[in-house]
Structure formats: C-alpha cells, structure tokens
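J.: Listed below are the residues making up each chain.
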Amino acid sequence: MSEATFKVWRGDAQGGAFQSYTTETSPGMVVLDAIHQIQADQANDLAVRWNCKAGKCGSCSAEVNGKPRLLCMTRLSDLDLTTPVTVEPMRAFPRIKDLVTDVSWNFEVKKRIKEFTPRPPDAPDGTWRMQQSDVERVQEFRKCIECYLCQDVCHVIREHHEEKEFIGPRFFVHTAALEMHPLDVADRVPDLKREFGIGYCNITKCCTAVCPEGITITDNAIIPLKERVVDAFYDPLGRLVKIFSRRA
Amino acid sequence: MPDYETLTHDVLVIGAGGAGLRAAIAAAAEGVSVALVCKSLLGKAHTVMAEGGVAAALANVDDRDNWRVHFSDTMRGGQYLNNWRMAELHAKEAPDRVRELEAWGALFDRTPDGRILQRNFGGHKYPRLAHVGDRTGLEMIRTLQDHGIHQGIDVHMEYTVLTLLKDGDRVAGALAYDRERGRFKLFHSRAVVLATGGIGRAFKITSNSWEYTGDGQALAYDAGAALQDMEFVQFHPTGMVWPPSVRGILVTEGVRGEGGVLKNAEGRRFMFDDVPENYRAQTATDPDEGWRYTQGDKSARRPPELLTRDHVARAIVREVREGRGSPHGGVFLDIAWIKDRIPHAAEHIKKKLPSMYHQFKTLADIDITKEPMEVGPTTHYVMGGIRVDGDTQMTNVAGLFAAGECAAGLHGANRLGGNSLSDLLVFGKRAGEYAARFARANSDTRVDVAQATRAERRALEPFERKAGEGPYQIQQALQNVMQENVGIVRREAEMLRALAEIDALSARAANVTVTGNREYNPGWHTALDLGNLLTISRAITITAIERKESRGGHFRDDYPNKDPEFGKVNLVIQAGPDGSMVLSRVPIPPMPPELAAVIKEMG
Numbered sequence: 001m002s003e004a005t006f007k008v009w010r011g012d013a014q015g016g017a018f019q020s021y022t023t024e025t026s027p028g029m030v031v032l033d034a035i036h037q038i039q040a041d042q043a044n045d046l047a048v049r050w051n052c053k054a055g056k057c058g059s060c061s062a063e064v065n066g067k068p069r070l071l072c073m074t075r076l077s078d079l080d081l082t083t084p085v086t087v088e089p090m091r092a093f094p095r096i097k098d099l100v101t102d103v104s105w106n107f108e109v110k111k112r113i114k115e116f117t118p119r120p121p122d123a124p125d126g127t128w129r130m131q132q133s134d135v136e137r138v139q140e141f142r143k144c145i146e147c148y149l150c151q152d153v154c155h156v157i158r159e160h161h162e163e164k165e166f167i168g169p170r171f172f173v174h175t176a177a178l179e180m181h182p183l184d185v186a187d188r189v190p191d192l193k194r195e196f197g198i199g200y201c202n203i204t205k206c207c208t209a210v211c212p213e214g215i216t217i218t219d220n221a222i223i224p225l226k227e228r229v230v231d232a233f234y235d236p237l238g239r240l241v242k243i244f245s246r247r248a
Numbered sequence: 249m250p251d252y253e254t255l256t257h258d259v260l261v262i263g264a265g266g267a268g269l270r271a272a273i274a275a276a277a278e279g280v281s282v283a284l285v286c287k288s289l290l291g292k293a294h295t296v297m298a299e300g301g302v303a304a305a306l307a308n309v310d311d312r313d314n315w316r317v318h319f320s321d322t323m324r325g326g327q328y329l330n331n332w333r334m335a336e337l338h339a340k341e342a343p344d345r346v347r348e349l350e351a352w353g354a355l356f357d358r359t360p361d362g363r364i365l366q367r368n369f370g371g372h373k374y375p376r377l378a379h380v381g382d383r384t385g386l387e388m389i390r391t392l393q394d395h396g397i398h399q400g401i402d403v404h405m406e407y408t409v410l411t412l413l414k415d416g417d418r419v420a421g422a423l424a425y426d427r428e429r430g431r432f433k434l435f436h437s438r439a440v441v442l443a444t445g446g447i448g449r450a451f452k453i454t455s456n457s458w459e460y461t462g463d464g465q466a467l468a469y470d471a472g473a474a475l476q477d478m479e480f481v482q483f484h485p486t487g488m489v490w491p492p493s494v495r496g497i498l499v500t501e502g503v504r505g506e507g508g509v510l511k512n513a514e515g516r517r518f519m520f521d522d523v524p525e526n527y528r529a530q531t532a533t534d535p536d537e538g539w540r541y542t543q544g545d546k547s548a549r550r551p552p553e554l555l556t557r558d559h560v561a562r563a564i565v566r567e568v569r570e571g572r573g574s575p576h577g578g579v580f581l582d583i584a585w586i587k588d589r590i591p592h593a594a595e596h597i598k599k600k601l602p603s604m605y606h607q608f609k610t611l612a613d614i615d616i617t618k619e620p621m622e623v624g625p626t627t628h629y630v631m632g633g634i635r636v637d638g639d640t641q642m643t644n645v646a647g648l649f650a651a652g653e654c655a656a657g658l659h660g661a662n663r664l665g666g667n668s669l670s671d672l673l674v675f676g677k678r679a680g681e682y683a684a685r686f687a688r689a690n691s692d693t694r695v696d697v698a699q700a701t702r703a704e705r706r707a708l709e710p711f712e713r714k715a716g717e718g719p720y721q722i723q724q725a726l727q728n729v730m731q732e733n734v735g736i737v738r739r740e741a742e743m744l745r746a747l748a749e750i751d752a753l754s755a756r757a758a759n760v761t762v763t764g765n766r767e768y769n770p771g772w773h774t775a776l777d778l779g780n781l782l783t784i785s786r787a788i789t790i791t792a793i794e795r796k797e798s799r800g801g802h803f804r805d806d807y808p809n810k811d812p813e814f815g816k817v818n819l820v821i822q823a824g825p826d827g828s829m830v831l832s833r834v835p836i837p838p839m840p841p842e843l844a845a846v847i848k849e850m851g
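Taken in sequence, the protein lines are chains A and B.
Under our numbering, think of the first position of the first sequence as 1, with each following residue one higher.
Under our numbering, think of the first position of the second sequence as 249, with each following residue one higher.
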C-alpha cells in the first residue's frame, strides 16, 4: 500500500493553520476520497462540503496546491505525491471552518437578477417552439453547476473584493443564459452596466480556465454581454437613430 | 428551559430537492407563508444527479403515447403494488408539470419541429423522457431553484431537522440545527411537508450522497406516521465499478436508451437469455430489432437492455456469480459499438451523453466512444417510504405531508427510470398545495418546548460521553451489514443475522462520541444521522423478511417466485405503543373499473 501526505488547512474565521495527515492511497482515488479517509480515521470534525462526488453538484470546491478545483474530480494520479498536497478553502470567500467557506453572497446576488420572463406561448396549448440550434447556445451556460470556482479565481472578487458592485463570472453566465434564452423578453442590459459591474471584467479568462464544466465563460457569455452594453450605451450611430426614431 | 429562536410560518417544507422546491413553490402560490429548510446548499440535492430524463406522455415523438399507456407501464413496472390513484394522477398530470418547467425557463432538447424531445427508457413503451442530454436533473433543479427564489419563500440552507414537534395528534413544526454554528432553531408551522429523499447511505455501494440517511422516513415514523413498502429498494443496474473510489456512481440508463448494450466477459448479450413472461410480447427478439427501436423505428420492439431495472440488475448479478463478469466484478456496457451503425458516432455519443463521457474520461481513464464501460448494480432509490393519501399526500398524522422519494405508493415494487423526476413534480406540487390548504383551514398549533428540549439534549449527548467510539465506524459497519445481508439477493437466515447486527449497532450508536465543537462538525452530523439510518435499516429488514416472495426490487433466493397472496398487500410499519416496530399487511384497495379497463386494454 502506498501513502500520500496532505496539508489541510484547519481553522475558522478567526484563523488557522495547515495540518499534515498521511493516508493510504488506492487506484483511481480523488482528493475528496483522501479527505474522507482522514475525516473517518484521524479528524472526525474536519469540515468539508460535498454531495454527489461525481462533478455534478459543485459542492466540494477548494484549492488544491493553490489551484481552484473540485475535490471530487481531482485525481491523485494527476498530482505530484512526492511532496505533500495542500488543500485549502477557496480564498475569495469568508472562511467558516476548515475547507468550508461562506458562499451565501452568491445566493444573494442571484436574487438581484431579473427572473426569466417568457414571451406569450407560440401554440394555443400554451407551449413554445424552439429549434435545437437556438437552444444550444444557452444550454452551454445552463451546464453550470454553481461551484463558484470562477468567482473564487476572479481577481475583481479575490483581490479587490468589489462584491457590492460586481456580480462575478457565474452571474454573467446566468445573465447571459437569460438574455440569450430564445423565449426571454426582459432587458437586463442597463443592470449589467449600472448594478452588475460588467465593466470591471478585463477579460483575463481565469474563470474560463477553472470552469470544471468547460463553459467558455469569457468568450461566449461575458464578451457578448459587454457588446450589448456598448451597443445600448456607447454606440453614437445607434444613439442618433434612437433620437430620430423617437422624434418620428 | 431554553428559549429557542423561533420562526413561524404556515407551511414548513423539509428538503430542497425537486419535490421540496416544487412543494414550496406550490404552497407559496396558494398565498401562505413558507419556510424551506435543507441539509445542503440550495441546488445541490440529489435531483441534480438525475441524468436520463423526466417521464411524461407528451406524445411529441410518438403520437401513440398518452396517460393511459404511461399509467399501465408504471403499474406493470411496479408489479401492481402501486397506489393506483397516484399512478393515475402521475400519468395524467406529468405533461403539464413538464410544460410548466419550460414556462419557468427550462431548456429541454428539441424535436425537429421545435417541441420537447423525448427518449426511450426502460419499461416505457414509447419514447417518453423529456431530457437535456444526460443532465436533466440539473436543468430541473436549477429551473425550480431560480423560479423559487423569487416566490417569497424563506430559505434556510444547511439546516438539519432533528425531530418533528407535535401538538396532540397534529404536527406543529420541527427542531433543527444549523451546520455552521450548531445552534438550534425552532420552526413553528401549521403544516409540514417532508421531501427529504432516500436512504442510499444505509448501503455500502450507492449512488447517493451523505445526505440520504432516511431522515424524512425516520422523522415521520417517530412522529407516528406509517411507512409502507420499505422492502423495495432499487438497485440501479449500472453503477461504475472501477476504480474503487468511484464504485457506485451512476451510469445513466440513457446509455442503453441511445443504443448501448450489455455484454458479459464472453462478449455475449446476455439480456436476451431471460426475458420475463409479462414483457415478452414487448421485447425485441434479435439485436437488429433492438437497435431499430432505439433509433425510432415504430415497428420495432425494445431491446432487453431496456427491461425494468430490477430485472437487469439481477441478470448482471447472475452473470457475475456464474463467472462471466468483467475483471472488476461487473459486466460491460458498450455504446462505442454504434460506430458500426451510424456515421460520426463519437460526436453523437458526446452530444447525447456528455456527462457520461466526461465522468469516465476523468475518473476512470475510459473513452466511452472507443471502449466499453464496466458496470454493476448500485443502491439507487427506495420505492417504499412514508404512507400517504394519493390525492393530498397527507400522512396519517394531521398536517404532515410527504412527497418525492421519501413518500411511498407511486412506484410499487419497482420504479421505472424517469418516473422519479415526474413524481417529484406532480406530487411535490400536490403536497405543497394541500399543505397550504390545510394550514389555512386549521387553527394555529401550539409548540411544546419540552419536546424540543428533549431532542436537543439527545443531540448533544455525544459530546458529553467520555468513552465510546466514533460515528464513522458504526456507519460503515451498518453499510456492510445491509449490503451483505439485505442487498439484491436476499435470504431469510442472512436477514435475521442483519436484524441482530442492527440491534448490536443500535447499542453501539447509543454510546457514540464525537470530538471537536458544534461548529460545522461532520463527525457530529454523522452521529446524529445514525439514528435515522438504523430506524430505516430495521424497517427495510423486517419487511424484507416478511415478504416471502420475489417481486420487483425485492428478490428472495429462498422464495424465488411471485406469490399472488403477497400481490394483494402492502407491508406497513408503524411505531407501537411500547416503541417497537409493528408490521402489518394492509390489503390494496380494488382498482376502480375504469382503471382496471385501461390495464386490460394495454395488455
């Protein structure tokens, strides 16, 4: 049996430190398995969030060797086990205990985004018609498992803590899913500019790089939303057209 | 006497998977105040794991489908132990519940004419499952969540309910603790909806997460409600088997719906070897016919891989036991073979089964477009649960409702794939509505703080004990006992041994100790969940001993055949006056003539 050592951050909002645990490894093991083994055998009160253990629920977000990852999808075979593996909570969010952080801000942000507002049904039976090619663009965004790793890695949140004026990549993806939904008729573009701080994003694409679902966050969600903001607020030709059409 | 922080609402919903969210939305729509408490963060519940689709007779792909076919498929799959009223309501109302999700923003895959696409699934006569690739559950829970947060529901995340509070014969609320600080909070209400899901953590190999410890079933039982059909546990035929750390993770039935086939070590499609009598007329007789069925040929019958889950799981166990299994004790599930039949097969598989592709690639180094998967049965679902009225979802305790997996009735002895997502929509809505109406029609309840204090004292005992063992070892021991003795193939002697073990484990659990403090302490949470796990494990075991026949998810090696006498009864469990579990056989009421006629018509 081989073994590996994990340096796990233990502590709470007041502070803490890394503690080393050595545990047995087995084929195919992921970091979450190691954390569970440590929890069962050495540290019963080691706090970690998890649910599905299959990369579908987005609960077990943390930082492994400094990189934002899902613990359940990070295989030990992809890590260098000759030195200890560090496991610590997401740095962008307030700490609760050990690997668990306070992500409640995200849930508050979502409530501020105008909810889905469909056009009237297309058919007398109250249903709509949509082509597969039209729903696919939005289906990419709806793959999001709300792990908040993109929020964690985004420097606007992680370093500058602009949580009051900036909603973060996850919620640009959410807004894009609504704005590009074939049935939706609500307008969220003014909110993107004034309330959601889309201008803060300077397209470093860190969010796209950490997305475990492979959503092309920057190119497919944020940039098109930025373009909509530009079209609505900064396009001089468009502004003229608006003024004249108002007169007419 | 401690002064609890108390929140008062008309309706308290416990659990925020699909059923709980749908119930809370329905109750809020009735104009009452609603609290929703859940063990995890919102949107993380097990519904998110559902892959294949939601069953509803929309008839978008095959216009021969209608509620009567869906009703008769559900009854046949459940071996006629189902609550026929629930099966009827479910089949009739599921299409509206699915269309409603679209009005709330869900984006299902489309047919060429722009309607909701439907796929084939085990036990469903026609393509019936509305889906989004293989991540339908995520689409559903996110749609319900994103709609729900705008309905004025008071959501409490990471709260676990310890006990239901009673006011005489009525339910009056619940005592819960929050994970973050370990503080107790009292939820006072006129009605309570339980929507806590399943019991998978009672077994070692399971597709369920830590949350599924039978909380709702045990809370209801402790509050005097009856449980029903607990012997019927669904072992999903296709869980991952290798590597060890992923054992039990679900592989969607959608793989077989898209043309995937099961093979043993000899390369033989063993599912053709044993087709049960009552499905023979509906099942393909050769591989070519089966393939044509999966590709939408209406003249073809479904391949035997799409027989019901109980049957497929047992066939896999048989192959493994008789030495024809795969290297790691499963069988092979092959979707890569469709490259012989269609062009661009690899792209097609990635498009139709994206999360399966990702899951095997990342966790097992298997490219499912090129090589077969190794699969074997995994504990997935419990058909049994809290006994409810078919129309209102109310239990025998006034004001206490249950919906979704924690409730019993719809699925009988075996659940068809796709029927759980439609179950939680149809009966989540009904439970929420009737709970709201009950709350409006009845006077306020009085909370007896002494009940809460007793529960709090019990919950804190593990911190006070000096000697004793940790909770994880007891939980793992219980999982081994249930897996080995009350699993897919059951025998009387083994189950009696399991009962004795459960007694011994209960004694150990009464002496469990935890380390650390009350703040986000998983050891403590595991210790508190043990009681529920032991209650439902005992219920499963004694009903499984009592049912001396094989039917649906319950297979007895010592009674391998169906017994018509057992086909007439549900096994019901309730707490006796002395606290012991009392088991009774309750006759299933006769089906009304119009439903009986539907069954007869559908053959």
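Calculated from the structure, these hints are not laboratory results.
Glycine residues also receive a C-beta, built at the ideal position from the N, C-alpha and C atoms.
Don't take each hint at face value.
[Said to hold, decoys possible] Chain A stretches covered by chain B per the calculated footprint, using a threshold of three residues with CB under 8 Å from any CB of chain B:
| id | region |
| --- | --- |
| 1 | 8-19 |
| 2 | 159-166 |
[What the hints assert, rightly or not] With a straight-line Cα cutoff of 16 Å, these simulated EDC-like cross-link-like pairs (lysine to aspartate or glutamate) come out:
| id | chain 1 | residue 1 | chain 2 | residue 2 |
| --- | --- | --- | --- | --- |
| 3 | B | K373 | B | D582 |
| 4 | B | K373 | B | E537 |
| 5 | B | K599 | A | E140 |
| 6 | B | K433 | B | D251 |
| 7 | A | K164 | A | D78 |
| 8 | A | K7 | A | E24 |
| 9 | A | K193 | A | E159 |
| 10 | B | K600 | A | E165 |
| 11 | B | K598 | B | D582 |
| 12 | B | K810 | B | D826 |
| 13 | B | K598 | A | E108 |
| 14 | B | K599 | A | E136 |
| 15 | B | K340 | B | E794 |
| 16 | A | K111 | B | D402 |
| 17 | B | K598 | A | D78 |
| 18 | B | K600 | A | E136 |
| 19 | B | K609 | A | D78 |
| 20 | B | K600 | B | D613 |
| 21 | B | K618 | B | D588 |
| 22 | B | K546 | B | D536 |
| 23 | B | K618 | B | D639 |
| 24 | B | K587 | B | D536 |
J.: Hint by hint, say whether it matches the structure.
T.: Structure-based check of each hint:
no.: 1; hint: 8-19; result: violated (count 1)
no.: 2; hint: 159-166; result: violated (count 0)
no.: 3; hint: B:K373 - B:D582; result: violated, 23 Å
no.: 4; hint: B:K373 - B:E537; result: holds, 15 Å
no.: 5; hint: B:K599 - A:E140; result: holds, 12 Å
no.: 6; hint: B:K433 - B:D251; result: holds, 10 Å
no.: 7; hint: A:K164 - A:D78; result: violated, 37 Å
no.: 8; hint: A:K7 - A:E24; result: holds, 14 Å
no.: 9; hint: A:K193 - A:E159; result: violated, 21 Å
no.: 10; hint: B:K600 - A:E165; result: violated, 39 Å
no.: 11; hint: B:K598 - B:D582; result: holds, 14 Å
no.: 12; hint: B:K810 - B:D826; result: violated, 34 Å
no.: 13; hint: B:K598 - A:E108; result: violated, 35 Å
no.: 14; hint: B:K599 - A:E136; result: holds, 11 Å
no.: 15; hint: B:K340 - B:E794; result: violated, 34 Å
no.: 16; hint: A:K111 - B:D402; result: holds, 13 Å
no.: 17; hint: B:K598 - A:D78; result: violated, 23 Å
no.: 18; hint: B:K600 - A:E136; result: holds, 12 Å
no.: 19; hint: B:K609 - A:D78; result: holds, 13 Å
no.: 20; hint: B:K600 - B:D613; result: violated, 20 Å
no.: 21; hint: B:K618 - B:D588; result: holds, 12 Å
no.: 22; hint: B:K546 - B:D536; result: holds, 14 Å
no.: 23; hint: B:K618 - B:D639; result: violated, 48 Å
no.: 24; hint: B:K587 - B:D536; result: holds, 14 Å
Hint check: violations occur at hints 1, 2, 3, 7, 9, 10, 12, 13, 15, 17, 20, 23; the rest are consistent with the structure.
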